Amino acid sequence: MNNIVAFDNVVKRYPGGKLALDRVSLALARGEMAFLTGHSGAGKSTLMKLIGLIERPTRGRVVINGTDLARVSKGQVPRYRQRVGLIFQNYNLLFDRTVFDNVALPLVIRGQAHRDITRRVRAALDTVGLLSHEKKFPITLSGGEQQRVGIARAVVARPHLLLADEPTGNLDPQLSADIMRLFTRLNETGTSIMIATHDIDLVEGLRYRRIILDHGHLEQA
Amino acid sequence: MAARRPSSRRLSELALTESLTGWAVAHARCLLESLGRLSRRWIASALTVLVIGIALALPSGLFVVVKNMDRLAGQWHQSVQISVYLDNDASPETGQRLTDDLADEPRIESTRFISADEGLAEFKKASGFGAALDALGDNPLPGVIQVTPRATLAPAAVSELVEALGQRDSVAKASLDEAWLRRLSAILDLISQASWVIGLLLSAAVVFIVGNTIRLDIENRRQEIEVMKLLGATDAFIRRPFLYSGMWYGLLGALVALIVLGVCRIALGGSLATLVSSYNGAFAITGLGLNGVFWLIAAGLFLGWVGCAITVNRELAAIEPR
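Residue numbers (the numbering used here), protein chains in the order written: chain F, 1 to 221; chain L, 1001 to 1322.
Calculated cross-link-like contacts (lysine to any residue; reagent style SDA-like; alpha-carbon spacing at most 25 Å):
1) Lys18/F with Arg1322/L
2) Lys74/F with Gln1223/L
3) Lys135/F with Val1025/L
Read the hints as simulated data drawn from the structure, not as lab findings. Because the structure is a prediction, the values reported are computed rather than measured.
Based on the provided sequences and hints, a complete structural model is requested.
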């Protein structure tokens, strides 16, 4: 139970035969932040998808926060996902809603009371420094700002695990560094975070553990 | 301090109230949000609503027509006439006497005697068989008394009267001129059944129209639905605004149908007024009535909901984040 993420001999073979993950065992401690790196096609996205229950492993066990994901039925997937914060390379914001409504979405999905929503959305937007932008539409924001909205949306429901798949993939180095500082701050408040990135330069100077994937195999750094 | 803390029972009541309020708020939000979605693509929505409206107006209009014709046929039943055919050897004087006797009967409104000769003259004029009838020599037609029963007489009493007239001396046969009425009532039954069949077919059409519109709507929102699923939205949560959209389509379609019926009533106003005035106030056109309006709206809501429900589950299941 001390590990928020635990992979035990996980194999993922896609229909068609491609072996994406080959006997991967790893763990992320509660409150830890780690980078998942490797060349493109190394299996980073597959690993993230297994944690988000977007894919199921071919063999092996994935345990998240004490829950064996093999025992989460299709109908229980929504409830499970509500406890994991997902951050995407392309932000995945809804462009017909304001920044506020985008961030509020996870709380609306959970059926939270209106005044709680307002309070928590403001808090999340304050954390990412976008409180003054709450009435704007995402299209009017820069890429870095859009990703910060994405992060606010991921943390607003206080998930016990934050997963970011190439969060800085579309951003320049300056903005990427800003986003990383934001993750560092979130980690310092106790959130467990796993960040998949192929941007080695970005990770180099940071003191966090690196999990390296190479053609579906795990290399310990 | 402890005394001021609410009991656990009170707390659970509070939680229940809160979750019920949350549920109501979520539905109200969906109701308005789905209306907002319709208005954002209002041309496409308006076309859909218009088609639904016309599809609903047709069977409703037929229903109104049948309802009025039924009442009209009831009126005609009261203006029915009895033909009393006299024996061939009865003289015109006997016929005239009988006619005057019958006119004093309380059950009878009025009588008119048509002698054999008058009947033949009328028939010659109407049929154009003049020369052929001349060749017959003898007049083959009997004398006839046309009897109009009192309008207050029930159909059963009219039948009794016909029976009694048939038993009289010098009378060969008395018959009710109601064959055309029976045909009319059969035609009305047919129209009434046809309106049910047409109603069913058009209801199916409404279901498919709504289903198709919702399918396109879902296709347009594929990315949004994927994101919501990634954020942990249940299928019920994603489905809800679409179901409300379907019901809005149905409701607005029903309102359009009411407008269409109203416009038809105005367009037909002139000829309807002529028809009604010929009844000297004894007959008035009725519309759908409050009941009919209620059922039309209920049908619209139900069909919209069904059209959406049969589409949305299948379409949503096909959308999974990758």
